[in-house]
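One-letter residues, chain by chain:
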Amino acid sequence: MEPIISTKGLKKIFRIGKVDVPALRGVDLRVQEGEFVAVVGPSGCGKSTLLHVLGGLTSPTEGHVLVDGNDFRGMSDADRTRFRRHKIGFVFQRYNLLPTLTARHNISIATHIQGNGFNPHRFQAVTSMLGITEKLEHRPYALSGGEQQRVAIARAVICEPKILLADEPTGNLDTENSQIVLDMMRELNRTFRQTILMITHNLEAAAVADRIIRMRDGRIISD
Amino acid sequence: MVNRMILANVLHRPIRTAVSVLAVAIEVGMVMLVVGLCHGLVNESAKRVEGVGADILVQPPQSSFLFGLSQAPMPMKVGERLEEIPHVLAVTPVLFVVNSVANLSVIYGVDMTSFDRVSGGFVYHAGGPFQAPYDILVDDVYAKANRVKVGQTLNLLSHEFRVAGIVEHGKGARLFIPLATAEDLQGVQDRASIFFVKCTDPAYGDDAAQAIHKLLPKHSVLPIKDYLSLMTSNNLPGLNYFISAMIAIAVAIGFLVIFLSMYTTITERTREIGILKSLGASKRYIIANILREATLLAAVGILAGYGGSLIARRAILAAFPTLSVELTWDWRFYAASLALIGSLLGAFYPALRAAQLDPVDALAYE
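Chains as they are written, first to last, in numbering that gives the first Met the number 0: chain H, 0 to 222; chain F, 0 to 365.
Wrong hints could be hidden among the right ones.
What the hints assert, rightly or not - Below, in silico cross-link-like pairs of lysine-lysine (DSS-like), each with a Cα-Cα straight-line distance of 30 Å or less:
#	chain 1	residue 1	chain 2	residue 2
1	F	282	H	86
2	H	17	H	7
3	F	224	F	76
4	F	76	F	46
5	H	10	F	282
6	F	282	H	161
Unchecked claim - Across the chosen pairs, the derived CB separations fall in these ranges:
#	chain 1	residue 1	chain 2	residue 2	range
7	H	75	F	313	55 to 61 Å
8	H	185	F	351	39 to 45 Å
9	H	216	F	2	46 to 52 Å
Please keep in mind that the hints were generated in silico from the structure rather than gathered at the bench.
Ideal Cβ placement from N, Cα and C applies to all residues, glycine included.
All chains, full assembly: derive it from the sequences and hints.
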């Protein structure tokens, strides 16, 4: 079976001033559809960059990247944006909700941007599963960190993306809320067979995944 | 959805929104009031000349259609020759005296008998015709603006004038003095700055004008309709430049404030733009959102500008009743268009900058 994510020799080099700073130094990775994968490693090991490349937020410098049949070679910025719109859902450490919108509108803006129309059944199913139906009319400042992250997860999956990319989703949460969020992600993975790639430096959080990949200095050191 | 987001953004920063709306309102109000004042004054002045009731204006050679600028009065005998022309019913001489005290105005030195024949006579609100050489008639607008009453004296042209009557406005000038007095003041005798010629029927106006032109080939002979077409801001020296300069300043204010407002908005919302990009928002989506927000600010500003200019017009007319402010639908449309275009242009660069933000950098923005 073809993997949903496949990278070979993936490199990403940032140019800072006149200095080339390699963030990814040749990453080979294969993730099957429906897998829940955790990527762990110390700060600066390149895990966030890997997530950004796989999500099409930035382009690879070298190597092959194939995500759900989309080869990133030769993809323009607009192509990657379109790809992201239809295939990827992001969850960030800092929730990244739009502060002026209610939880409901923070979720539905994703469907608006995708342009495939609002699906009330999907909305109901996702918000119920994440336990935020009572909080939908609240703005982010009126929600706890755990609630905000659950809204962010709902936003990320509302459009049924092929892959959910989570960047330290429990990094700003206390233990109790971290566990709730991790349980939700596990539930999403099981209920909707959602492919999840989660980045974390917390091994306890990583334990919830089917598979743990370790990174160091821009390379995968164990899988 | 987008409208809700834009509205939420606009309400989220009420001071910024208020300043942007105010700038657009000032822009719209400034354009409408400057144009309205200029056009109002020109049109009102033209209407007053039309209100004399003449069909043809005869002035000395190389005269200006701006009466205050006319020089070298004509001999009174010219009037006698004009009366002999076919289809001419009445001719009245007027000697202009420019009054530069307080504000610039042209006082008509009139011969009451012939002026009444051309104009149909004054309608008196109070008082009556001249009784003495230094009597003056003022129109009701002037009387109201300056709180003038019959019998009081006015110090004009270094002389004391007794107000003999207050007349209905719209017969050429706001102030009238006897022709002989005007001649005294100008130091001329049997001279007129202009002859107002009334025909037996307005339909004969062109024929009579041609005949007058034959008789006085070097003189300025203007049918009233030609005079009215000349009395536009386009033909008044410098007025068009003034209006254009004021419009340019107004548009620049709107443009710069919207530019600054949207620019700071983009900086402030860098992270939010990154979020939208991470959700797959295209450059066009980001640009459209920002331009729509600018359009909303401009639309509210335009409405505020309309309201503000109506209030300002009332205030101006209450303080200066002799002025005229014409707020036409044409200029409402132009002012709104200028404000909208200026706002969109002002928002375009910030929108472009937002669209080009790198999503990873934007998401990391503190």
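To see whether the hints hold, each was checked on the structure:
About 18 Å separates the Cα atoms of residue 282 of chain F and residue 86 of chain H, which keeps this hinted pair within 30 Å; it holds. A hinted pair counts as satisfied when its Cα atoms are at most 30 Å apart, and residue 17 of chain H with residue 7 of chain H qualifies at roughly 27 Å. For the hint linking residue 224 of chain F to residue 76 of chain F, the alpha-carbon distance of about 26 Å falls within 30 Å, and the restraint holds. With a C-alpha separation of about 28 Å, the suggested pairing of residue 76 of chain F with residue 46 of chain F holds against the 30 Å cut-off.
Restraint check for residue 10 of chain H and residue 282 of chain F: the C-alpha separation of about 26 Å stays at or below 30 Å, so the hint holds. Annotation: proposed proximity of residue 282 of chain F to residue 161 of chain H holds, straight-line Cα distance about 23 Å (limit 30 Å). At about 58 Å, the beta-carbon gap between residue 75 of chain H and residue 313 of chain F stays in the expected band of 55 to 61 Å. At about 43 Å, the beta-carbon gap between residue 185 of chain H and residue 351 of chain F stays in the expected band of 39 to 45 Å.
Taking the beta carbon of each, residue 216 of chain H and residue 2 of chain F are about 48 Å apart, inside 46 to 52 Å as hinted.
When the structure is compared with the earlier hints, no violation turns up for any of them.
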